[in-house]
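Participant: All chains, full assembly: derive it from the sequences and hints.
Given next are the chains, with one letter for each unit.
There are 2 protein chains.
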Amino acid sequence: MIPKNAKMVFKGKIFEVWQWEQQMFDGSTEIFERLKRPNTAEIITLVGDKIMIQEQEQPGKPPFTSLPGGRCDKGENPLSAAKRELLEETGYTSSDWELLLEQNPVGKIEWTVYTYIARNCKKVQSPSLDSGERIETKLINFDEFLALADDPTFRSAELICTLLRAQANTKLKEKLRKNLFK
Amino acid sequence: MIPKNAKMVFKGKIFEVWQWEQQMFDGSTEIFERLKRPNTAEIITLVGDKIMIQEQEQPGKPPFTSLPGGRCDKGENPLSAAKRELLEETGYTSSDWELLLEQNPVGKIEWTVYTYIARNCKKVQSPSLDSGERIETKLINFDEFLALADDPTFRSAELICTLLRAQANTKLKEKLRKNLFK
Numbered sequence: 000m001i002p003k004n005a006k007m008v009f010k011g012k013i014f015e016v017w018q019w020e021q022q023m024f025d026g027s028t029e030i031f032e033r034l035k036r037p038n039t040a041e042i043i044t045l046v047g048d049k050i051m052i053q054e055q056e057q058p059g060k061p062p063f064t065s066l067p068g069g070r071c072d073k074g075e076n077p078l079s080a081a082k083r084e085l086l087e088e089t090g091y092t093s094s095d096w097e098l099l100l101e102q103n104p105v106g107k108i109e110w111t112v113y114t115y116i117a118r119n120c121k122k123v124q125s126p127s128l129d130s131g132e133r134i135e136t137k138l139i140n141f142d143e144f145l146a147l148a149d150d151p152t153f154r155s156a157e158l159i160c161t162l163l164r165a166q167a168n169t170k171l172k173e174k175l176r177k178n179l180f181k
Numbered sequence: 000m001i002p003k004n005a006k007m008v009f010k011g012k013i014f015e016v017w018q019w020e021q022q023m024f025d026g027s028t029e030i031f032e033r034l035k036r037p038n039t040a041e042i043i044t045l046v047g048d049k050i051m052i053q054e055q056e057q058p059g060k061p062p063f064t065s066l067p068g069g070r071c072d073k074g075e076n077p078l079s080a081a082k083r084e085l086l087e088e089t090g091y092t093s094s095d096w097e098l099l100l101e102q103n104p105v106g107k108i109e110w111t112v113y114t115y116i117a118r119n120c121k122k123v124q125s126p127s128l129d130s131g132e133r134i135e136t137k138l139i140n141f142d143e144f145l146a147l148a149d150d151p152t153f154r155s156a157e158l159i160c161t162l163l164r165a166q167a168n169t170k171l172k173e174k175l176r177k178n179l180f181k
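Chains L and R are the protein sequences, given in the same order.
Just so we're aligned, residue 0 is where the first sequence starts under numbering that gives the first Met the number 0, counting upward by one.
Just so we're aligned, residue 0 is where the second sequence starts under numbering that gives the first Met the number 0, counting upward by one.
By construction, these hints were calculated from the structure, which means they are not laboratory data.
Please note: incorrect hints may appear among the correct ones.
For chains that are exact copies, the list does not tell them apart, and a pair is met inside one copy or across any two.
Derived pair list, reagent style DSSO-like, types lysine-lysine, alpha-carbon separation capped at 27 Å [unchecked claim]:
1. Lys-60 with Lys-35
2. Lys-60 with Lys-3
3. Lys-60 with Lys-107
4. Lys-6 with Lys-107
5. Lys-137 with Lys-121
6. Lys-174 with Lys-121
7. Lys-6 with Lys-60
8. Lys-107 with Lys-137
9. Lys-73 with Lys-107
10. Lys-35 with Lys-73
11. Lys-174 with Lys-82
12. Lys-10 with Lys-170
13. Lys-12 with Lys-35
14. Lys-35 with Lys-6
15. Lys-60 with Lys-10
16. Lys-137 with Lys-181
Owing to the predicted nature of the structure, the values given are computational and were not obtained by experimental measurement.
Facilitator: Written out as structure tokens, the structure is:
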């Protein structure tokens, strides 16, 4: 999406700003701008027939509901990031991973959100949270999971459409249920 | 969302990058980063009992479906921007405007998307497109409007949830229909 002739004009802590000369329909040119940021991975964490979600606080923000997950480190592939974040944030691991969604939430930002299913998760250690995380986990059932689409603090704009489509359509709902719990 | 002690560290064509020292839960500090960008306005354009949408092309992008709309100019309020964009892109005006949605699509970006209803729109001039726009308009009915949620090229992530909720729930559907057409 950012063309090859683009140049990075600023590199921040999270975001890079890229610009290029874009030819317009009338032959004139304008400076176009897009951003890059690290990709993120989030995990639908299945524990038995339940789904583990987080009630989370971060400095300077109101509390929110989320799935386990976080940013990919430099050079880290999204599945490795998902496994690392799940272990760090919850202490759980899984040997049965599947990619459910791969989405680009914002047109002007080169940023992919990977949503994984981690089945049959087992606790192997205590969570190791960093100084910017306060997380409590909670187990919910499939119908409560679909209802997350109606929780205004739920932090996964990417997943919300999938949950709403499942609410709207019984076939999609049963397909999602089967996809998760096999 | 960007605190008062934040400083702008870069100003691009569209995006500004802001940083500040954030105190963490353990008393340590880290540099936090957020962006600002101009707010945008989009318009549900009612022409009789139909809704006007756009088939649009912009340089360097695949064609997409959208509502009329665009960025607020510096100092311009969103309703003025909506009226200006509707006139420029379609040649239509309305004397019956209502704000339907006000949303912040991305956590790390200070950016509000305003979705307006413009009722009983009338054509008063030809569209005046800029060199970065190729737009054809199309009139659709309410059910086709709801189905836009299933068009992968539809460029309004903000509206899609509202459309999906209306698909999922007959009461919400009739409420939205009434909201649009009174």
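Participant: State whether the alpha carbon distance between Lys-174 and Lys-121 is at most 27 Å within one copy, between copies, both, or neither.
Facilitator: For Lys-174 and Lys-121, the Cα distance is within 27 Å only inside one copy (25 Å; across copies 45 Å).
Participant: With identical chains, the pair Lys-174 and Lys-82 could be close in the same copy or across copies; at 27 Å between alpha carbons, which is it: within, between, both, or neither?
Facilitator: For Lys-174 and Lys-82, only the intra-copy Cα distance (25 Å) is at most 27 Å; the inter-copy one is 43 Å.
Participant: Could you figure out if Lys-60 and Lys-10 sit no more than 27 Å apart (CA to CA) within one copy, between two copies, both or neither?
Facilitator: both (24 Å within a copy, 25 Å between copies)
Participant: Are the CA atoms of Lys-35 and Lys-6 at most 27 Å apart within a copy, between copies, both, or neither?
Facilitator: both (12 Å within a copy, 21 Å between copies)
Participant: If the cutoff is 27 Å on CA atoms, where do Lys-6 and Lys-60 land: within, between, both or neither? Let me know, please.
Facilitator: between (33 Å within a copy, 18 Å between copies)
Participant: Can you give me the call for Lys-6 and Lys-107, within, between, both or neither, at a CA distance of at most 27 Å?
Facilitator: both (15 Å within a copy, 23 Å between copies)
Participant: Can you give me the call for Lys-35 and Lys-73, within, between, both or neither, at a CA distance of at most 27 Å?
Facilitator: both (13 Å within a copy, 25 Å between copies)
Participant: Evaluate Lys-10 and Lys-170 at a C-alpha cut-off of 27 Å and name the case that applies: within, between, both or neither.
Facilitator: neither (45 Å within a copy, 48 Å between copies)
Participant: Using 27 Å as the alpha-carbon threshold, which applies to Lys-137 and Lys-181: within, between, both, or neither?
Facilitator: Within. Shortest intra-copy distance 22 Å satisfies the 27 Å Cα cut-off; inter-copy 43 Å does not.
Participant: Reference check for the pair Lys-137 and Lys-121, CA-CA at most 27 Å: within, between, both, or neither?
Facilitator: within (15 Å within a copy, 53 Å between copies)
Participant: First find the shortest C-alpha distance between Lys-60 and Lys-107 inside one copy, then the shortest across copies, and answer within, between, both or neither for a cut-off of 27 Å.
Facilitator: This pair counts as both: shortest intra-copy Cα distance 24 Å, inter-copy 11 Å.
Participant: Give the relationship of Lys-60 and Lys-35 under a CA distance limit of 27 Å: within one copy only, between copies only, both, or neither.
Facilitator: Answer is both: 23 Å inside a copy and 17 Å across each meet the 27 Å cutoff.
Going down the numbered hints, you'll see the structure goes against just number 12.
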